[in-house]
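Asker: Okay, here's what each chain looks like letter by letter:
Number of protein chains: 2
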Amino acid sequence: MSEIQVLLVAGTHGNEINPIWLFEQWEKSAVLINTYGIATHKVIGNPKAYKSAKRYIHSDLNRSFIKELFSKTNHSNFEIRRAADLFQIYGVSGEKPCHIALDFHTTTSSMGSCLVVYGRRASDLALASLVQSKLGLPIYLHESDHAQTGFLVEAWKCGLVIEIGPVGQGLFNSRIISQTKLVLESCLEQIKLVENNNVFFPDKLIVHRHIKSIDFPRDYKGFINGYVHPLRQSKDWHPLNINDELFLMPDGKTIKFEEKETFRPVFINEAAYMEKNIAMSLTKREVWEFKSEWKKALFDLVQK
Amino acid sequence: MSEIQVLLVAGTHGNEINPIWLFEQWEKSAVLINTYGIATHKVIGNPKAYKSAKRYIHSDLNRSFIKELFSKTNHSNFEIRRAADLFQIYGVSGEKPCHIALDFHTTTSSMGSCLVVYGRRASDLALASLVQSKLGLPIYLHESDHAQTGFLVEAWKCGLVIEIGPVGQGLFNSRIISQTKLVLESCLEQIKLVENNNVFFPDKLIVHRHIKSIDFPRDYKGFINGYVHPLRQSKDWHPLNINDELFLMPDGKTIKFEEKETFRPVFINEAAYMEKNIAMSLTKREVWEFKSEWKKALFDLVQK
Numbered sequence: 001m002s003e004i005q006v007l008l009v010a011g012t013h014g015n016e017i018n019p020i021w022l023f024e025q026w027e028k029s030a031v032l033i034n035t036y037g038i039a040t041h042k043v044i045g046n047p048k049a050y051k052s053a054k055r056y057i058h059s060d061l062n063r064s065f066i067k068e069l070f071s072k073t074n075h076s077n078f079e080i081r082r083a084a085d086l087f088q089i090y091g092v093s094g095e096k097p098c099h100i101a102l103d104f105h106t107t108t109s110s111m112g113s114c115l116v117v118y119g120r121r122a123s124d125l126a127l128a129s130l131v132q133s134k135l136g137l138p139i140y141l142h143e144s145d146h147a148q149t150g151f152l153v154e155a156w157k158c159g160l161v162i163e164i165g166p167v168g169q170g171l172f173n174s175r176i177i178s179q180t181k182l183v184l185e186s187c188l189e190q191i192k193l194v195e196n197n198n199v200f201f202p203d204k205l206i207v208h209r210h211i212k213s214i215d216f217p218r219d220y221k222g223f224i225n226g227y228v229h230p231l232r233q234s235k236d237w238h239p240l241n242i243n244d245e246l247f248l249m250p251d252g253k254t255i256k257f258e259e260k261e262t263f264r265p266v267f268i269n270e271a272a273y274m275e276k277n278i279a280m281s282l283t284k285r286e287v288w289e290f291k292s293e294w295k296k297a298l299f300d301l302v303q304k
Numbered sequence: 001m002s003e004i005q006v007l008l009v010a011g012t013h014g015n016e017i018n019p020i021w022l023f024e025q026w027e028k029s030a031v032l033i034n035t036y037g038i039a040t041h042k043v044i045g046n047p048k049a050y051k052s053a054k055r056y057i058h059s060d061l062n063r064s065f066i067k068e069l070f071s072k073t074n075h076s077n078f079e080i081r082r083a084a085d086l087f088q089i090y091g092v093s094g095e096k097p098c099h100i101a102l103d104f105h106t107t108t109s110s111m112g113s114c115l116v117v118y119g120r121r122a123s124d125l126a127l128a129s130l131v132q133s134k135l136g137l138p139i140y141l142h143e144s145d146h147a148q149t150g151f152l153v154e155a156w157k158c159g160l161v162i163e164i165g166p167v168g169q170g171l172f173n174s175r176i177i178s179q180t181k182l183v184l185e186s187c188l189e190q191i192k193l194v195e196n197n198n199v200f201f202p203d204k205l206i207v208h209r210h211i212k213s214i215d216f217p218r219d220y221k222g223f224i225n226g227y228v229h230p231l232r233q234s235k236d237w238h239p240l241n242i243n244d245e246l247f248l249m250p251d252g253k254t255i256k257f258e259e260k261e262t263f264r265p266v267f268i269n270e271a272a273y274m275e276k277n278i279a280m281s282l283t284k285r286e287v288w289e290f291k292s293e294w295k296k297a298l299f300d301l302v303q304k
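Same order as they appear, the protein sequences are chains A and B. Residue numbering for the first sequence follows our numbering, beginning at 1 and increasing consecutively. Residue numbering for the second sequence follows our numbering, beginning at 1 and increasing consecutively.
One or more hints might be untrue.
Because identical chains share one entry, a pair is satisfied inside a single copy or across any pair of copies.
Within a straight-line C-alpha distance of at most 25 Å, the following computed DSS-like cross-link-like pairs (lysine-lysine) qualify [to be verified]:
#1 K51 - K204
#2 K192 - K54
#3 K51 - K276
#4 K42 - K260
#5 K284 - K48
#6 K192 - K296
#7 K48 - K276
#8 K28 - K253
Derived by calculation from the structure, the hints in this document are not laboratory data. Computed from a prediction, not measured in an experiment: that's the story for all the values here.
Next up, chain A with everything else stripped away, as it sits in the complex (with noise of 0.2 Å):
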């Protein structure tokens, strides 16, 4: 075995339950997944809230891990108390120190397989840009937005969140279970070429860098009063610009996108986001060029 530690998550939310399946039918059958011979350390995040076949209990448990929430061990809310507990068993100074967090999720939105980075740390870039470049997943790089934070990867030195979809919440499905194998697997496999310094990096990386997130229409109490419009429903990914149909009202009126700049909407009608005001996130398609130092922080955090 070697010496990196991998803690890979599944069910930090409750009803997103396939990656919590294909985890309980892997302690069942060692044999299940490929790990490259990397240690791995498998959680299901939010057991409570999958228990009771909800998201969470109090609060998003990946909005939770906020370090100094963390020292309050008594603290009322659920996921906050969650959140510590496993920063303190898993967390780089604690029990079964991990290195490196990868957290299985499921949308109901159609996004298909992608990555999710929070930020720009060169570790989780070279990461992503290894597995990008081995399947093809878009990458989508959440940042500056301050309405959002205590992502759980964040407390992590490395570390991705696998998105796959679309499928609904509380519903098992054998293509999102497949899915979340290979993307698994091959985070894993990637892991492990780095380890014996056998990896090709690419030289460049397409990110969708989120630009913003816009809310669904509302009438004056608040109440949404409008949905997604057919022709944008399941076109995550895909180009929205001005005049583009956006939403549906009751009465047949559709708004149209009045921005002038092209963006590429994702978690476009995503369940869960309702409450969070999000009807979709704009993003902006960007290819980057590969830098050196991420490789590095990547060498340096698995080669150790």
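Add chain B to chain A, keeping to what the hints say.
Answerer: What follows is chain B alone, placed relative to chain A:
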């Protein structure tokens, strides 16, 4: 306004939000729905579960219409109390007595739009015939299932469930909303035509008669250890024959269908039925001769 009173229910399950949303918009704009002059009473079945973004609080409201329990008004189960309240207001001897109930649901299964009738009540079959003739919708005849009773529409003299899918729980979808509107208006149109004695019943009725439900594969502890086979997923209403792929196990093994008879599965992978141990329900497709007593029963009810 005519004398026939029609009860329209959305959100009998609190996380089936598309019909609820349509009703809310209709509340704001009376012209949104063409009622063909039929007097309607619209109600959110389980508003408490809707607010909690759950299917139900204590138990399934659509299994709670058990009149024997209604006398105990302080029942500890919220849904039994709610069923009793609805029946007290809109039941045949209620404050606002309704003659027909239409109960709008969504499903995570790929069933398109369909009608569900419970048992073989003549007036239900007559109304379902008219709507099938108009829109071509399949009819799922739910009967002889002793594990499942207490359905809402059974507490009224005539009633249909409308199921529309696929859509995830808690997720808006423009197609589901517009299909709900279409079926709602078509039902009211047909009731109006009956009232006006201006209606043509079809010669035949095509029903998919419930035979039995089948569970997911389970391990020795009772946990689900296989999921719907990718070749079976979304194949609601399609024939299921011997040796057809049914479930897929995590190790890649396929479980095939072993019975010699041909069935037509419905509610394949309905998220809410996992807790009921139902992976899908098997039906027989049958073509029935239309019976004149069905017509008489509906006329007697509508024209009084």
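Asker: State for each hint whether it applies.
Answerer: Hints and how they fare:
1. K51 - K204: Result: close neither inside a copy nor across copies, 42 Å intra and 47 Å inter.
2. K192 - K54: neither (35 Å within a copy, 43 Å between copies)
3. K51 - K276: Classified as both: same-chain Cα gap 23 Å, cross-chain 15 Å, threshold 25 Å.
4. K42 - K260: Neither way: K42 and K260 sit 45 Å apart in one copy and 43 Å across, limit 25 Å.
5. K284 - K48: For K284 and K48, the Cα distance exceeds 25 Å both inside one copy (37 Å) and across copies (40 Å).
6. K192 - K296: within (15 Å within a copy, 74 Å between copies)
7. K48 - K276: both (22 Å within a copy, 21 Å between copies)
8. K28 - K253: Between copies only: 15 Å across, 53 Å inside.
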